[in-house]
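**Q** Keeping their order, the protein sequence lines are chains A and B.
Quick note, my numbering runs 863 ahead of the 1-based positions in the first sequence.
Quick note, my numbering runs 967 ahead of the 1-based positions in the second sequence.
Check the hints yourself; a few may be wrong.
[As the list claims (entries may be wrong)] Calculated lysine-lysine pairs in the DSBU-like style (CA-CA distance at most 30 Å, straight line):
1. 985(B) - 912(A)
2. 932(A) - 912(A)
3. 912(A) - 984(B)
[Claimed, not checked] To spell it out: a stretch of chain A is covered by chain B in this simulated footprint if at least three of its residues, at any positions, have a beta carbon under 8 Å from a beta carbon of chain B; those stretches are:
4. 876-889
5. 961-974
It should be emphasised that the hints constitute simulated quantities derived from the structure, not laboratory data.
Predicted model only: the values in this text are computed from it and were never measured.
Even for Gly, the Cβ is constructed at its ideal location relative to N, Cα and C.
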Amino acid sequence: AQSVTQLGSHVSVSEGALVLLRCNYSSSVPPYLFWYVQYPNQGLQLLLKYTTGATLVKGINGFEAEFKKSETSFHLTKPSAHMSDAAEYFCAVSGPFNKFYFGSGTKLNVKP
Amino acid sequence: EAQVTQNPRYLITVTGKKLTVTCSQNMNHEYMSWYRQDPGLGLRQIYYSMNVEVTDKGDVPEGYKVSRKEKRNFPLILESPSPNQTSLYFCASSLSTSGANVLTFGAGSRLTVL
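All chains, full assembly: derive it from the sequences and hints.
**A** Written out as structure tokens, the structure is:
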């Protein structure tokens, strides 16, 4: 079975500081990995995804994530936080038949 | 505009009163799915459909029904809602079932059962 663990349900950073949101997964097959963002009162939007190829994946709004197979991790980073980055972030893994497993989410707070 | 549309966005109802949450997509996607989102639990899959007339249970199907009579529509039915079904519900779709496809989500339906 596949599962996703997000370390830290709440993360707070200052504007301009590094954002690091942690995601570890378990999967018995090569995974497809995703990060989604949810702004208040909205649905989830794709930030980035890893399927095959380059392990460093760049997404929208300056976010990127690195797939590390040996560590079963897919941490999300952004060099400099902006106020507009305040949202909830979900890591997800998928496999055959589009079965998605979502982490419990990390709420990012950005302080001025 | 390519989108997934859910209705209603907000609903307050009482225990036992049947309700339906509609979901429609305009992208000709084969795959559609319902999730519920609860604090600290992330999103959990209720039901999914790989194509017309093909549906199957997800991780938390108890108390819910679905149907897929047309490709674009995938309604979620609560025959006899109970307070433990108070939640935020999301419909999502994707082009196929390869697993590498991105899910496109609706804006969500917040349901309160009293």
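**Q** Work down the list of hints and note, for each, if the structure agrees.
**A** Status of each hint after checking the structure:
For the hint pairing residue 985(B) with residue 912(A), the CA-to-CA distance comes to about 38 Å; that exceeds 30 Å, so the pair is violated. Distance restraint check for residue 932(A) and residue 912(A): the Cα-Cα separation of roughly 15 Å lies within the 30 Å cut-off, and the hinted pair is therefore satisfied. Proposed proximity of residue 912(A) and residue 984(B) is contradicted: the alpha carbons are some 40 Å apart, above 30 Å. Here the segment 876-889 of chain A counts 0 residues with a CB under 8 Å from a CB of chain B, which misses the bar of 3, and the coverage is violated.
With a threshold of 8 Å between beta carbons, the proposed coverage of the segment 961-974 of chain A by chain B holds, since 7 of its residues qualify and at least three are required.
Checked against the numbered hints listed earlier, the structure breaks hints 1, 3, 4; every other hint is satisfied.
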